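Chain B: place on chain A using the hints.
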Amino acid sequence: MPVLMLEKVSQEFGGLRALDGVDLSVEEKSIYGIIGPNGAGKTTLFNLITGIYHPSEGKISFRGRRLDGLTSYRVARLGIGRTFQNIRLFNRLSVEDNVKVATGWTEGILARLFSRSEASHSDQKSSYEVDDLLGMMGLYEKRQEYANSLSYGEQRRLEIARALAGRPSLLLLDEPAAGMNSTEKVELMGLIQQMRDDMHLTILLVEHDMQLVMNICEQIAVLDYGRKIAEGSPYEVKNNPLVIQSYLGVEQ
Amino acid sequence: MDQLINQWIDPYYMRIIILVGINIIMALGLNITTGVTGQLSMGHAGFMSLGAYASAILTVKLGAPFWLAILAGALVAAAFGFLIGLPALRLEGDYLAIVTIGFAEIVRVFFLNFEPGGKAVGLSGIPKETGFTLVFVITVVVILLTAWLLNSRLGKAFYALRENEIAASACGINTTSLKVWSFVIGAFLGGLGGALYSHYMYFISPQDFDFSRSIELLNMVVLGGLGSIPGTILGAGILTILPEMLRVVAEYRMLFYGALLVILMIFRPNGLLGDVRIYDLKKRLGKKEVNTCRS
Chain A
1 MPVLMLEKVS QEFGGLRALD GVDLSVEEKS IYGIIGPNGA GKTTLFNLIT GIYHPSEGKI
61 SFRGRRLDGL TSYRVARLGI GRTFQNIRLF NRLSVEDNVK VATGWTEGIL ARLFSRSEAS
121 HSDQKSSYEV DDLLGMMGLY EKRQEYANSL SYGEQRRLEI ARALAGRPSL LLLDEPAAGM
181 NSTEKVELMG LIQQMRDDMH LTILLVEHDM QLVMNICEQI AVLDYGRKIA EGSPYEVKNN
241 PLVIQSYLGV EQ
Chain B
253 MDQLINQWID PYYMRIIILV GINIIMALGL NITTGVTGQL SMGHAGFMSL GAYASAILTV
313 KLGAPFWLAI LAGALVAAAF GFLIGLPALR LEGDYLAIVT IGFAEIVRVF FLNFEPGGKA
373 VGLSGIPKET GFTLVFVITV VVILLTAWLL NSRLGKAFYA LRENEIAASA CGINTTSLKV
433 WSFVIGAFLG GLGGALYSHY MYFISPQDFD FSRSIELLNM VVLGGLGSIP GTILGAGILT
493 ILPEMLRVVA EYRMLFYGAL LVILMIFRPN GLLGDVRIYD LKKRLGKKEV NTCRS
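As you go down the protein sequences, you meet chains A and B in turn. Using my numbering, read the first sequence as starting at 1 and increasing by one per residue. Using my numbering, read the second sequence as starting at 253 and increasing by one per residue.
With the rest of the complex left out, here is chain A (with noise of 0.2 Å):
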């Protein structure tokens, strides 16, 4: 059974459809690609996915649960972290307080509140959680920085920490490459498959890099003016005249 599941789901602003009718479906611990064109509603369906946005018509679960209709912290509540294509960091918080931040919301305001001793259990744990994340994207050192001294890449790593740190089984990576010079794209592609094998996530990313997205995608779909044109392994959208025509372009 598929762990995220979109059904002709569309959203209109205004007069304007920003998608049409798009199905998707995504398998448990597969790298899934979301490419198109600028304006296609790749962000759009994204924020479809963790509440930010309603649809207009057609239906979204996860694990058998509708989430459209829920609000967003519901919706991360419930397993589903991301990032955002527009870096949108605690700017004025430090890394550590960053990442911290999000762990532990399916307790319950009071037991955060009382979590802060040190006998307590939950913080304790919470907290080896947090220098485990900053371990991994290489973020430990700089903990006590304020998020908005960080560098470009290191800020899309802290943000990837922070969705990590609510512990999701579905993570939506919005343009994590962007910015990322070609050391750090290779970097970023192990990372990815990394935390799919030993955190055993499933992965949803829209991307433009072309080279990150065919080799690390085993499922791609294409959209373009909010329809999803194609679907399919990279090989079959490489080699799909629709896409080609409409995203890929000929090589000279």
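Please keep in mind that the hints were generated in silico from the structure rather than gathered at the bench.
One side of the interface only, derived from the structure: several residues of chain B facing chain A at Cβ under 8 Å:
{"no.": "1", "residue": "ARG405"}
{"no.": "2", "residue": "LYS408"}
{"no.": "3", "residue": "ALA409"}
{"no.": "4", "residue": "TYR411"}
{"no.": "5", "residue": "ALA412"}
{"no.": "6", "residue": "GLU415"}
{"no.": "7", "residue": "ASN416"}
{"no.": "8", "residue": "ALA419"}
{"no.": "9", "residue": "SER421"}
{"no.": "10", "residue": "ALA422"}
{"no.": "11", "residue": "CYS423"}
{"no.": "12", "residue": "GLY424"}
{"no.": "13", "residue": "ILE425"}
{"no.": "14", "residue": "ASN426"}
{"no.": "15", "residue": "THR427"}
{"no.": "16", "residue": "TYR531"}
Covered stretches of chain A (in silico footprint by chain B; criterion: 3 or more residues with CB under 8 Å from a CB of chain B, positions within the stretch not fixed):
{"no.": "17", "segment": "60-73"}
{"no.": "18", "segment": "85-97"}
{"no.": "19", "segment": "160-171"}
All values reported here derive from a predicted model rather than from experimental measurement. Glycine is no exception: its CB is placed at the ideal position from the N, C-alpha and C atoms.
Structure of chain B alone, referenced to chain A:
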């Protein structure tokens, strides 16, 4: 205890010290709403007013014990904080500020016409129960409680809400309930301060809680540094003591007061302690140590 202290300290200074304490309590409340959570409230005097009147009416008209009256004053203000928190869910920034100003004005006009509160004449004969010891103890407790709250993982979520609401929500933070809570806590402390104020002043009238009072409290938080507890304490201290020290310049007092505010904000745009962290101070000291080791 209070009598002993009063023998040693001049009543004029005593009065300033007590007002500093009361202002610290109220400013720490506003700091949670506006400084930490980022919900611009320009009507904090409304909560102060509610706390002051509710508690004073309880002791004067109904003969309630003092401790019950201040608790009731704070709770009444907190209840109104909840009501004002609800529109805050749909509004932000300037628009929210307008709503809070409107709220404080409604409260002021209500007490201008409220018979048990003495209408425009004000309410007098309030028992003078607030003393140094009580204000000192409550101030310390409030400082410790807010510090504890803001250092908890829940407290960090208030900061996260200020920094980026959409991201906070995507992290699983219920931004709706946190916004309302920030108003409830802020209003509770505003009401608590108001209740202590009325039982120190013998006499209160609606003019004591006008728009300029709201601005004065906001100034304390902004001057000290939005979101910083030591900053808020410093801001409340300076802005309570400064007008008194400026009495020497007589009628130019408020002019100097304004000019000093402008100058301070030019040199410290993030507030006096707005961007100071113990970590940064330690790092600076640490670097010096390293240098001495090498030399």
